[in-house]
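Residue numbers (my numbering), protein chains in the order written: chain U, 1 to 224; chain G, 225 to 633.
Wrong hints could be hidden among the right ones.
[Stated by the list, open to error] Computed cross-link-like contacts, DSS-like style, restricted to lysine-lysine with a CA-CA straight-line distance of at most 30 Å:
{"no.": "1", "chain 1": "U", "residue 1": "181", "chain 2": "U", "residue 2": "120"}
{"no.": "2", "chain 1": "G", "residue 1": "269", "chain 2": "G", "residue 2": "378"}
{"no.": "3", "chain 1": "G", "residue 1": "383", "chain 2": "U", "residue 2": "163"}
{"no.": "4", "chain 1": "G", "residue 1": "234", "chain 2": "U", "residue 2": "80"}
{"no.": "5", "chain 1": "U", "residue 1": "120", "chain 2": "G", "residue 2": "619"}
{"no.": "6", "chain 1": "G", "residue 1": "379", "chain 2": "U", "residue 2": "140"}
{"no.": "7", "chain 1": "G", "residue 1": "383", "chain 2": "G", "residue 2": "407"}
{"no.": "8", "chain 1": "G", "residue 1": "240", "chain 2": "U", "residue 2": "139"}
{"no.": "9", "chain 1": "G", "residue 1": "504", "chain 2": "G", "residue 2": "460"}
{"no.": "10", "chain 1": "G", "residue 1": "622", "chain 2": "U", "residue 2": "40"}
{"no.": "11", "chain 1": "G", "residue 1": "622", "chain 2": "U", "residue 2": "80"}
{"no.": "12", "chain 1": "G", "residue 1": "619", "chain 2": "U", "residue 2": "80"}
{"no.": "13", "chain 1": "U", "residue 1": "140", "chain 2": "G", "residue 2": "619"}
{"no.": "14", "chain 1": "G", "residue 1": "481", "chain 2": "U", "residue 2": "140"}
{"no.": "15", "chain 1": "U", "residue 1": "120", "chain 2": "G", "residue 2": "554"}
{"no.": "16", "chain 1": "G", "residue 1": "407", "chain 2": "U", "residue 2": "80"}
{"no.": "17", "chain 1": "G", "residue 1": "333", "chain 2": "U", "residue 2": "161"}
{"no.": "18", "chain 1": "G", "residue 1": "378", "chain 2": "U", "residue 2": "139"}
{"no.": "19", "chain 1": "U", "residue 1": "140", "chain 2": "G", "residue 2": "360"}
{"no.": "20", "chain 1": "G", "residue 1": "554", "chain 2": "U", "residue 2": "161"}
{"no.": "21", "chain 1": "U", "residue 1": "139", "chain 2": "U", "residue 2": "30"}
{"no.": "22", "chain 1": "G", "residue 1": "234", "chain 2": "U", "residue 2": "121"}
Hints listed in this document are in silico derivations from the structure and should not be mistaken for laboratory results.
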Amino acid sequence: MKNIIRINSCSFRYLNAVQDIINIKNLTIKEGEHVFLRGKSGSGKSTFLNILTGVIEPQQGSIEILGRDITTLSVSQRDKFRGDNFGIIFQQLNLLPYLSVEENISLACAFSQQKSLNIKKEINYLLDALEIPHLLRVKKAMNLSVGEQQRVAVARALIGKPKIIIADEPTSALDNDVKEKFMELLFKQVNAQNSTLVFVSHDKGLSSYFESVYDFDEINGVEL
Amino acid sequence: MRELFYLTFKSIQNRKITFLLSVISIAISVVLLLGVDKGIKSSKKHFINTINSTDIIVASSNGSLDILLNLIFHISDPLKEMSYKSFEDIKSFDEVSWAVPLSLGDSFKGFDVVSTDENYFKYYRYSSKKFLKFAKGRGLVDFYDVVIGSEVAKKLHLKVGDTIHLSHGKHHHKHIHKNRAFKVVGVLEKTFTPNDESVFMQLKADEAIHIEWQSGHFVDMHISSEKLSRMDIEPKHISGMLLGLKNRSTILSVEDKINHYRGENLKAVIPAKALSKLYKLMKNLQDLLMIISSAVFIAAIFTMLSSMFSTLSERRREIAIFRSLGAGVKTVFILFGIESFLVVMSGVVMGVVLVEIFGLFSPFKLSLGIDVYQFFMLFCMVVIALLSSLFPAMKSYKNSLADGLVVKI
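Excised from the complex, chain G in its bound form (with noise of 0.2 Å):
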């Protein structure tokens, strides 16, 4: 068996490229095979902790979907307005422990602005139930405060005390609120949710700067920020809310009762459930892609058995040898399985290794090491290429039979 190793190494030494190009089909799939799966996990985890210990979600949009997606993930189109009215309704309903008001729209050179009270950094809370912590500085407390996320501090280089100017809607070099002056009070802790990304700033102050807009022009009416701090302007719409009860039994109740409010069409989004909606568009897409991937191992397969089947006529005068000094015919289901094996096993190694090192490099948080079940899937793999090379050594099996010590060609 140990010279049957060294013979196999031996004669693909002498045939490095093709042995290479197997080798190096085989960790693509390897690759794209591991990667889609960590990708999709990472990504599943990654919704999964963004947010905790919410109740309820309230907007005024039909999709579940999308209200989780603008409110949470701060993607996906902008929502309908509800009225600041029913705001302050809901939250005064028995059942009601807390309620934060959401309003997004805004940006600040690329971030999103989140309009918001003081009370979110009281109440939002990520991963395994934890809070949003203060690295540096407060919560709003002033009218011009703002507070930012981890990320939004390292890549613009604010600290707490810095002064900003945020952007009438999402073009960032275009409108600006260059008369109002925001000043950084608090830096968030990371937390690798979209708050990393967020500025937040109060509720009020949003409404407030944008009296002097109309139908998306500025109107200069000269009011100094100072008087405008003082105006008390009262909030008329928000994108939405989060809500938490007192009693979590009461969940399907008062989603009941938002879903038929009577001041406007409003709807209660139970994040646990619309988060498993998005597993399940996941899901269809990581099939796609799984697909996809074991169809390249499929091919990559192909490759390595064509470069097998090209050495086939060769091999006839390679096994008529080793069998006139004693080897038995089995020697050529052997010969075939520690090719195959070294192929599939190269490419796997250089595949896992090509995976980690982008795990490690890459922005994408991709989790270090193999689970349980990613181990079966290489397994299958190594199952599978050896199972395929019984295709060749079946062939050389009948020409050695046939040629026995004398090889006609």
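Bound-form chain U, shown alone (with noise of 0.2 Å):
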């Protein structure tokens, strides 16, 4: 299978600071991989997904994302290459809460041309797919349950077929058997769309789902 990531000796540095937050020798991940990212807060997590999706630009090292380096790109290329490639899924408070769940889902396609081809058909299977009641679909976001909210980000991230999901703690905020039937509901999408995904979490117990495991600590080579 082919390489989807490939960073090599990635290292960033906070302006004023002392030393390095983010030092990575070497990560490849393949096309179609689940990666499972194990680490405590404050360990540089925010850090390398701000670097790997583009928003910030590391010191050294080269980022390669679908056979391209991205720290050749400019900011506003980063931000569209971005846009086009990647579906992100945060801890919480992913969505607008004054806008409606669809409205919410297909502000993915508002930055990204590449995502706005067959929308409204799109957002209705991904909604049907991630169980979210055709009620729910014209409320306002804030009347959402949290547990619902975290599987309309889902359909966020997943529409228009980006090539990467990324999932910064995404269940961190859902009760136990809530984050059972998320994490199912997550993996049967990402599997039928083919898409490679990233979870980054400090919860040992769902490493169970992924076929590679890694402790951000040993990737990331700093003293901290």
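With the hints as a guide, bring the two chains together.
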């Protein structure tokens, strides 16, 4: 299988900081792979996700995604690249509370033309697949439960079939029974779209879902 | 861009009240700025249109503004009187083409009584050299004739042929010339000048009916109206006079001649000069009002900014979501720009509509529409609002750079 992400001797240091927060010698993720990155908060996970998605630029190293080194792209090219090729799910508050469920999902297409095709049909398909009842779909996001909001966030991340799905602690605000259901639905759809999944969490219990499990501290070779 | 407009619209809908308050405060400042400008402009026009083609106004007072305000606009305190002899003397100057005496002081149900002669209607001009015209009837001919302005006719429901009793002095309910009935013989067309609110009578009749008044009290001399009209009482004093010259080039020498008149202390006022003095006074007032209105506008901008700043922490999430979906950091500038644009445009539209409605229904005769200067003023307001939205946008931009995709609050 092809490599979809390849990071080489990448390091990053915040302005005025005394040492690097990120220093990754080598990380390779294959197309369609499901990767679990385990890490505590404060370990530089957020910075790593910002670098991986092109929000910030490392001082050294290369980040090759889908065959392109994104460190060579301009800021706005990276923004476009992110919009086209990533689907991102956060821990919580993924949705704009004053927009309806459907509007929140189509938001993904506001910033990516590539994702804009067949949007209406796809929204319905995803909402069905993620078991969001019809009644909820036109409601404002603020009226949804946390579990429902996270599933809508998955729908938005998956819409337009981006190649890479990033999930940053998407289950930490969920109860255990809801969590299981969430993981099940997430995996079903990620597999259906053949997307690569990078899942970041401190919850070891979830690692059994994944074929590749890494400890973030081992990948990131900095002493904190 | 269209999506961002929609998003801003939705986001505003979510906080209607603060948005509305910002819009209203902008609208109030637009009403003030526009209203002051329109008000001043229309009163300037009103002033300039009141008198035309009169070369010199003469009265026995030192203040040219007082003379103008009293004789032409019928405001300000009564003037020191000048003698009728001086009037006749000046009238006979070689340079003078026409002269009209004016005497003010009496009133009729709150309207000013102007004592003059038939020449007033022949020579008084206003606006762009327009003459006074009679809507009904004719000018002053007989002793007990009166001519009334259009507003007098309208408000008091008077018409040609009606009989009226004038009052002595300004208190119309107190001293009424009960024994002297006057007949309305003419109604003037509307002019938008103080003539509309005036009652005109013969100067000689004015003089005659006052012979029965001694130091403010009525002393009945049992003279019939018929007899009084035949007594041929020569006026002794008038408030002032209007002069037209044969040749306008002599205006300065005539002015000088009157100012150095031997018989009594007289003042020659050139209306155009006195009017420009009036403008200067108004300009000061205008500047002051404009400063106050601008301060209100600045307060309105602060209202808008404070409502924007209060949404900043909420916005951090929003921006992080947009960024995760591929939006650039510049998006925050667009979002704040759109918001302040919507606030100020709604405020401007609301303000302009209010001013126009006010202009349509108010008695102040404000001009409708917006002139180039006013458009520029509104344009500046929009620009200032957009520029000031850079402050919250800048703050949000910094937050967004620090946050990246992961907001830590």
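Evaluation of the provided hints:
1. Restraint check: the Cα-Cα separation between residue 181(U) and residue 120(U) comes to about 25 Å, which is no more than 30 Å; the hinted pair holds.
2. With a CA separation close to 24 Å, the supplied pair residue 269(G) and residue 378(G) stays within the 30 Å bound.
3. The hinted pair formed by residue 383(G) and residue 163(U) fails the criterion: a straight-line CA distance of about 91 Å is larger than 30 Å.
4. With a C-alpha separation of about 24 Å, the suggested pairing of residue 234(G) with residue 80(U) holds against the 30 Å cut-off.
5. Between residue 120(U) and residue 619(G), the direct Cα distance comes to roughly 36 Å. Violation of the 30 Å bound is thereby established for this hinted pair.
6. Between the alpha carbons of residue 379(G) and residue 140(U) the distance comes to roughly 61 Å, so the proposed pair goes past 30 Å and is violated.
7. At roughly 10 Å between alpha-carbon atoms, residue 383(G) and residue 407(G) fall within 30 Å of each other, so this suggested pair holds.
8. Proximity of residue 240(G) to residue 139(U) is assessed by CA-CA distance (about 19 Å); at most 30 Å being required, the pair is judged to hold.
9. In summary, the hint linking residue 504(G) to residue 460(G) is not supported, as the alpha carbons are separated by about 36 Å, beyond the 30 Å threshold.
10. Our distance criterion of 30 Å between C-alpha atoms is met by residue 622(G) and residue 40(U), whose separation comes to about 26 Å.
11. With a CA separation close to 21 Å, the supplied pair residue 622(G) and residue 80(U) stays within the 30 Å bound.
12. As the CA atoms of residue 619(G) and residue 80(U) are separated by approximately 24 Å, the hinted pair is consistent with the 30 Å bound.
13. About 28 Å separates the Cα atoms of residue 140(U) and residue 619(G), which keeps this hinted pair within 30 Å; it holds.
14. Straight-line distance between C-alpha atoms of residue 481(G) and residue 140(U) comes to about 86 Å, which puts the hinted pair past the 30 Å bound.
15. Distance hint between residue 120(U) and residue 554(G) is fulfilled; the C-alpha atoms sit about 28 Å from each other, no more than 30 Å.
16. With a C-alpha separation of about 89 Å, the suggested pair residue 407(G) and residue 80(U) falls outside the 30 Å cut-off, and the hint is violated.
17. As the CA atoms of residue 333(G) and residue 161(U) are separated by approximately 86 Å, the hinted pair breaks the 30 Å bound.
18. Of the pairs offered as hints, the one joining residue 378(G) and residue 139(U) is violated, with about 63 Å between alpha carbons and a cut-off of 30 Å exceeded.
19. Pair hint residue 140(U) plus residue 360(G) does not hold up; C-alpha atoms about 71 Å apart against a cutoff of 30 Å.
20. Taking the CA atoms of residue 554(G) and residue 161(U), the gap is near 26 Å; set against the 30 Å cutoff, the hint holds.
21. This hinted pair does not check out: residue 139(U) and residue 30(U) have alpha carbons roughly 38 Å apart, beyond 30 Å.
22. As the CA atoms of residue 234(G) and residue 121(U) are separated by approximately 24 Å, the hinted pair is consistent with the 30 Å bound.
Violated hints for the displayed structure, listed by number in ascending order: 3, 5, 6, 9, 14, 16, 17, 18, 19 and 21.
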